[in-house]
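Participant: Top to bottom, those sequences are chains A, B and C. In this text, residue positions in the first sequence follow my numbering: the first is 264, and each later residue adds one. In this text, residue positions in the second sequence follow my numbering: the first is 14, and each later residue adds one. In this text, residue positions in the third sequence follow my numbering: the first is 41, and each later residue adds one.
Just so you know, the hints here were simulated from the structure itself, not pulled from any lab data. Be a bit skeptical, because a hint or two may be false.
[What the hints assert, rightly or not] Computed cross-link-like contacts, DSS-like style, restricted to lysine-lysine with a CA-CA straight-line distance of at most 25 Å: (1) Lys299(B) x Lys267(B); (2) Lys102(B) x Lys311(A); (3) Lys234(B) x Lys58(C); (4) Lys238(B) x Lys93(C); (5) Lys17(B) x Lys93(C); (6) Lys208(B) x Lys286(B); (7) Lys551(A) x Lys539(A); (8) Lys208(B) x Lys93(C); (9) Lys265(A) x Lys505(A); (10) Lys238(B) x Lys70(C); (11) Lys50(B) x Lys96(C); (12) Lys205(B) x Lys72(C); (13) Lys102(B) x Lys178(B); (14) Lys17(B) x Lys70(C); (15) Lys205(B) x Lys263(B); (16) Lys234(B) x Lys96(C); (17) Lys461(A) x Lys168(B); (18) Lys238(B) x Lys461(A); (19) Lys589(A) x Lys550(A); (20) Lys177(B) x Lys97(B); (21) Lys286(B) x Lys238(B); (22) Lys211(B) x Lys461(A); (23) Lys211(B) x Lys101(B); (24) Lys70(C) x Lys44(C); (25) Lys589(A) x Lys605(A); (26) Lys238(B) x Lys72(C); (27) Lys96(C) x Lys238(B); (28) Lys230(B) x Lys268(B); (29) Lys268(B) x Lys102(B); (30) Lys589(A) x Lys265(A); (31) Lys96(C) x Lys17(B); (32) Lys505(A) x Lys551(A); (33) Lys461(A) x Lys50(B); (34) Lys72(C) x Lys50(B); (35) Lys263(B) x Lys286(B); (36) Lys208(B) x Lys311(A); (37) Lys299(B) x Lys268(B); (38) Lys234(B) x Lys44(C); (39) Lys70(C) x Lys234(B).
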Amino acid sequence: MKQVLEGSMAISDGVRMAEPLVISAYPITPQTHIVEHLSQMVADGDLKAEFIMVESEHSAASVVLGASACGVRTYTATASQGLLYMEEVVYNIAGMRLPVVMTVANRAVSAPINIWNDMQDAMAVRDTGAIMLVAENNQEAYDMHIQAFKIAENQDVMLPVIVNVDGFVLTHTFEVVETIDSIEKVREYLPPLNMEYKLDVENPYSFGTLGEPSVYMEARYNLYNAMNFSRNVIIDAAKEFKDMFGRFYGGLTDSYKMDDAQTVIVAMGSVLGTIKDAVDELREAGKKIGVLKIRSFRPFPEEEIVAALKNVKNVIVIEKAICPGKGGILSVEIRDSLLKHKINSVSVNGYTLGLGGRDITPKNIHDLVARAEKEENVDGEFVGLSQQYL
Amino acid sequence: MLTKEETHNELFTMGHTGCSGCAQSMSVKMIMEILGKNTIATNATGCLEVFSTRWPESSWKIPWIHSLFENSAAVASGVEAALKAMGKKDGITVLAQGGDGGTADIGLQSLSGMFERNHDVLYVCYDNGAYMNTGYQRSGLTPFDAYTTTSPSGKESFGNQRPKKYMPEIAMAHRIPYTAVASAGYPMDLQKKVKKAKSITGAKYLQVDVPCVPGWKYEPKYSVKLAQLAVQTGLYPLFEAEYDKIISVKKISKKVPVEEYLKLQGRFKHLFKDDAGRAEIEKIQKIADENIERFGLI
Amino acid sequence: MDFKVGIIAMPGAALSNKTGSFANETPVFKHKTCTGCNLCIYFCPEGVVYGDKKTKIYDYDSDYCKGCGICAEECPVDDIEMVLVEK
Ligand SMILES: Cc1ncc(C[n+]2csc(CCOP(=O)(O)OP(=O)(O)O)c2C)c(N)n1
Ligand code: SF4
Ligand code: SF4
Ligand code: SF4
Ligand SMILES: [Mg+2]
């Protein structure tokens, strides 16, 4: 059914279709609407779940950890400070190989305190062992949440999945979303969670044991491998979704007007909309330009990136988070992927913009395209700073 | 009749690496005997977690999970919620465990949340009066004047400067259905309280005094004796409360001066050096006397 | 490699760890004055004491006893004695 839905409503509805049994969360802008909608669904009996409204994000993540260890499907959502506060638990959930799904309504990190969108919060948890997907629009956010449970619960993956959605830009914006009418079809796509090891009085295992030096590395290696393996699972989940529901946004990456492109803009999330519009204009003006969308930031789509970029001249990477003391984050990983494959003919330029909710305009994109032709391997330079405050 | 073979089937088995004479492991054993096999336990980081689950070993024969230091109560909330959601809560006890640090300091917030939401969880705090797992640093439950590695005694100090936090009363302030304080030195009393807690639906708090050999610095054989002396001096009042009302106290059978308790422990050794130390012992006696008065222990 | 490595342990697997090697002393149950009060069972931190109220015959599992001496200290009728382990 086609509906005009706020991003948060689309996300909660996607979550509802996945039928989690335990949800726990703590409010933080811009995640609040998601948990409000879910609470209402539970209150109205539209979602049969235990909704545990906790006293902090640390506990929200801990509640879903405990519930997930019992073998039930679980969900939480947060943003920014809340994500940083729960980071310790996110590491723990991944380390214990629990298939929790969570939404991060991406928001800047304090100080200064700022409730608007960028991706600094997500970057703070990039090494936790959680799979990190990024949605471009409300429709993809809806679909991606259903896929996320399937990926997390794959027996060879068993890792948490974070679905990143841009705060406000998606969470508080209304778009047309086609929702799935048949819960049976979703159940067919996403069969019930079946965990071999769980907290169960009939089979009383001990979870979260002390891993001494003799075994710690092997435990981490297993997690590392599972993350690598999840690449196939993410792609399969997207393809199977397409077969059943007809929508597809790429596997780990997606490309837009990439045939014969000499310049490519790489980005994640909602900014891709603006970029694609700008690229349409540039194409009309005869520029050989395309877009590479990163759908999965962890696992990092190295092979796809190399295949897509190895023959282009100029790459422009939109950095919506910074690494003080180094530079860009996404651009560094892209440059490294290419160099690893002995490709050094591509100039990878990372530009930092859009921090703390500052608009990324079509003009910004046009300017960057012009700039990148004259520059080489820019490492996360800030774009569009207001001189009066410097 | 208990045979050698049967001891191997206890729900908390031997083979753990706790110190010789550890009263924490003693208490866990007593508690598990009452709770039985239909129990799911969570555990905060701390001595118990480390000495009972050194992979691939585990002393637990019930489903058990350790996550982090400060979230035992929240993880237990999640376990309880999952059981409810699956319709499997009936007949299963959810036990959350933590040391005094994991309970009264870093874990206080998540514990308060669990109490507030009144989850059907029994929270047990094994109170050995310091962060033992990390090498005897002070906690909010370290007693007045005790030496710990971060509240050392010295020329300018008699050790821990602040009195022990009254954690059970913080629990009672949440108006949970049952709060109790017990001691490893009184097994029948402890087990009676566990039995009662097991029979009550809702959040329960049980704090158990568990002497610690290297932390308190005494000969291992005195673990029980010290636990009993803590009660008989009035320093560790044992009681039960329903909601905000105390419903029973364990009377002191023969009042013992605090000195008898203090002198057996290296952590109070510095109080026995000179007159200034004597004056400190008087202050500790005052704490005991106030407890006796306030809880009606005699 | 197995997914459980380092994070999930089997119930009671600690039994493979024979902690008896920690002990410098071990108890001797004398079977003379025992009243069958069971305190030695309650107080043993390892859970290695076993016995029977009726026959008043108690003993301990030397594979796991750490020799703390609590059983001997707490026996109300001094029917347990600690002796040095010959090593
Ligand atoms: C967030 C965090 N901070 C600090 C630690 C280090 N730490 C582990 S256990 C512990 C002390 C445990 O003390 P307590 O809770 O009293 O239990 P005990 O070991 O005394 O039984 C500390 C400080 C940790 N694991 N996690
Ligand atoms: S340090 Fe104390 S609490 Fe920890 S195992 Fe040893 S005796 Fe028990
Ligand atoms: S010496 Fe200690 S460990 Fe050994 S049987 Fe006696 S109480 Fe148990
Ligand atoms: S403590 Fe002594 S009297 Fe009591 S059962 Fe044991 S051996 Fe017998
Ligand atoms: Mg402690």
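Participant: Can you list which hints this structure breaks, lowest number first?
Facilitator: 6, 11, 12, 13, 17, 18, 19, 20, 24, 29, 30, 32, 34, 35, 36, 38
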